[in-house]
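Full structure from sequences and hints, please.
Those sequence lines, one after another, are chains R and U. Numbering-wise, the first sequence is residues 1 to 408 according to this note's numbering. Numbering-wise, the second sequence is residues 1 to 410 according to this note's numbering.
Honestly, I wouldn't trust all of these hints.
Taking beta-carbon pairs under 8 angstroms as the criterion, some of the chain R residues facing chain U (in silico) [said to hold, decoys possible]:
#, residue
1, V157
2, G159
3, G169
4, Q199
5, E207
6, E268
7, V269
8, Q272
9, A274
10, D278
11, T332
12, A401
13, V405
Hint data in this document are derived by calculation from the structure and do not stem from the laboratory. The structure displayed is predicted, hence computed values, not measured ones. Idealized CB from N, CA, C, for every residue including glycine.
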Amino acid sequence: MAVQGVLHGIRVLDFTWVWAGPIMCRHLADYGAEVITIENPNYIDLARQLIYKDGAYDPDMAIAYTNFNAGKKSLSLNMAEPEAIDIVKRLVAISDVVMESMTPKAMRRWGLTYDDLRQIKPDIIMLSTCMQGQTGPYSMSPGNGAILPALAGISEVTGWPDRGPTGQGGPYTDFLAGAMGAAAVMTALVHRERTGEGQYIDMSQNESAMQFLTPAFLDYSANGRVASRLGNRRPGYAPHGVYRCAGEAESWCTISVRTDAEWQALCEVMDQPAWARDIRFATRQSREAHVDALDAHLASWTGQHSAQEVMERLQRAGVPAAVVQDAADLDTDPQLAHRQHYVRLQHPRIGENVVDRYGFRLSATPDVVQVPAPLLGQHNDYVLSEILGLSQGDINRLTTAGAVVAVA
Amino acid sequence: MGDGGALQGVRVLDLSGEFGQFCGRLMGDHGADVIKVEPLEGDNVRRLGPFYEDVEDVDRSLYWHAMNTSKRSITLNLETVQGRALLHRLLAITDVVVESYDPGTLERWGLDFNTLHAQYPSLIMASITPFGQTGPYRDYRATEMEALALGGFMSVCGDPDRPPTRVGQPQATIFSSINAYTGAMLAYYHRLRSGEGQHIDASMQEGATNLHYAQLIWNGYGMISPRMGMTLTFGGGIIVPISYACQDGYVQAIPALGWDTFIPWLDAHGMAGDLTSAAWQERLESLITDWSQEQVDYACGLVAQFLAGFTKKELYKEAIRRRQMLYPVQTVQDARDDHQLLERQYFVDVDVPALGRALTYPGAPYRMSATPWRIHRPAPRLGEHNAAIYGGVLGLSETDLTSLRQGGVI
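Here it is as structure tokens:
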């Protein structure tokens, strides 16, 4: 078992903010990289403005920020000042990865494009992520993860056939991009480890998200069919849906049946009701053709049992079924507890801060989520004096000049 | 080196079913030599639609084609002793195994990670399952929908007056496959430095917890997030609609984030109502959280009336010109025609001899300057590469192969 993280010794400069970019960078921090997030208190990360445990605005108390930035270090610079850019360039010289998620003109304006950075550090890896990519007629168009699922084709297929598209509960494409970006950076690190060569990664969150609709794109290409909303149905499965269960609070259970064996097991659990013997439900194809009636019958059974009971009885019989859990349920979920999925960190201002891990575990070089997210500018002294070797006099001068923004 | 992809020379055995195939695909699209190992009757995904021309056939599943580019295919019956012996011969020259068997299956066959690790200490294994290799739900049956349900995602997806729902195309499988891929890259990086292999254990339920932030709302406010449909809630309980019907579908916009560009747009068409009045000008400069819901409804009502009169294409084009945050709700057909995607040459045509035609795929999920992503070959036919791999790589003779076929091994 490794004592240090697998990415120990890798230094990342993080110019990302809100969700997608920080998620990518947090993956690297979880595995031992030193991730320095460069923040400007005059343009505060939106995530530092959302979800406060005690209600009052405080950029150091935002749970939205602390979840996606655990384990990072914060350096507060005013990038409008040329001396701030000098500091960044000095850091680039001793860093491995630069991540940014601004509009394409920002790094250009600061003279920190990939071409600029590779002059300083030839094997640097740089990843830029934005809505629609670094090039093309719409590269500079304003966008937002809350509505990008619409452009990416995901909204069209989310919701019910008899009404307009619905939302996925949040900036869905940001979460997809976070995972995809981590994959991209790790691919580049592997390549560099094998060959010594760095590179530039241009990641359009729209282009990334559309990978998640590949079967639908192929259906259009091959068959001319345009996918749209199906509710909870799925071709090739019957039943496949979400059913209301007993209880005063809203509660639901999924049931998914593909094989004859699963269908028979489901009927057995329901005590072989007469309706299930109807010829319309004998085969999967026929069940698919009569799915409204099927769903109505199932709902009258599930309505008599709690969601937990439906899940447990069906699982014992080998039928896929699952409680539709909410956040309180996740808190007490036994499987997530077994996997130690939620970590309780101690944050200097918030106190106990629950942070989730990502959905995979490594056996020899596991992720370590132990250090809370930084306070704004918390690591100015560490970065400037310990990493860059600046004297206290230098730091004072840079602070007076406005390049470094001191935090009380 | 770069032209062949970042993973050129890396050898992958992909034993996975639906839950892991995108992981193997990503490795192959990055240049790894990926061998897809299938049961004799073909992987189950070959029986999942949609199908080319709606004809069910092992080579016509478009879901199979979506998940299995850049791989070669061999058939192998791992239930037989001879089959597992053949697998061992391949394992001896393999760097990464991808699998998604029910936990316990590989143990039965003596092919679980711990057993293999003793024999092949540098081998990396990536496992993708609904709940992980251990724990109280280890043996729970699941499709991707069950993982999304138990991961909390479905509770916040959908309309408040309808049941919880999901995205109408499989998501958790692809998402967890990407997680497993990242884990495998971390493991490979470690192996390059230490020679040591390891096991990646990816859980679709855990992946699903990372697809929403209901947990943050719960931890912050002790509140259960309701389904919000196509609305955003601002502080003070102000609800702002995001989705607007238009002539040929829907667009999504957040006018509250850009009244200074949206109102002139409405006004240019004489549809700004009272929003250009002095009273409204003052209000528009304040935070929307300070408005009443009636005021929000009035302003957004004008937006809705305006947007209803145009097509998706017209609105998107004008929104771009006016730097207004608005996106059309694109169908796959719209996306194929999208100006930005066409200029960036996003879509990729792949020749698929098994179907006698080409298929147009979404292109690179990200663009790497030195080692570009590339679809190296179409998804394979069932057992297409038996001769090339059993014969060419393992050196088995035609007689050997015939005997193995007759024995139900390949």
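Okay, the hints, checked on the actual structure:
no. : hint : verdict
1   : V157 : holds, 4 angstroms
2   : G159 : holds, 7 angstroms
3   : G169 : holds, 3 angstroms
4   : Q199 : holds, 4 angstroms
5   : E207 : holds, 6 angstroms
6   : E268 : violated, 15 angstroms
7   : V269 : violated, 13 angstroms
8   : Q272 : violated, 21 angstroms
9   : A274 : violated, 26 angstroms
10  : D278 : violated, 24 angstroms
11  : T332 : violated, 11 angstroms
12  : A401 : violated, 33 angstroms
13  : V405 : violated, 25 angstroms
Hints 6, 7, 8, 9, 10, 11, 12, 13 from the earlier list are contradicted by this structure; the remaining hints agree with it.
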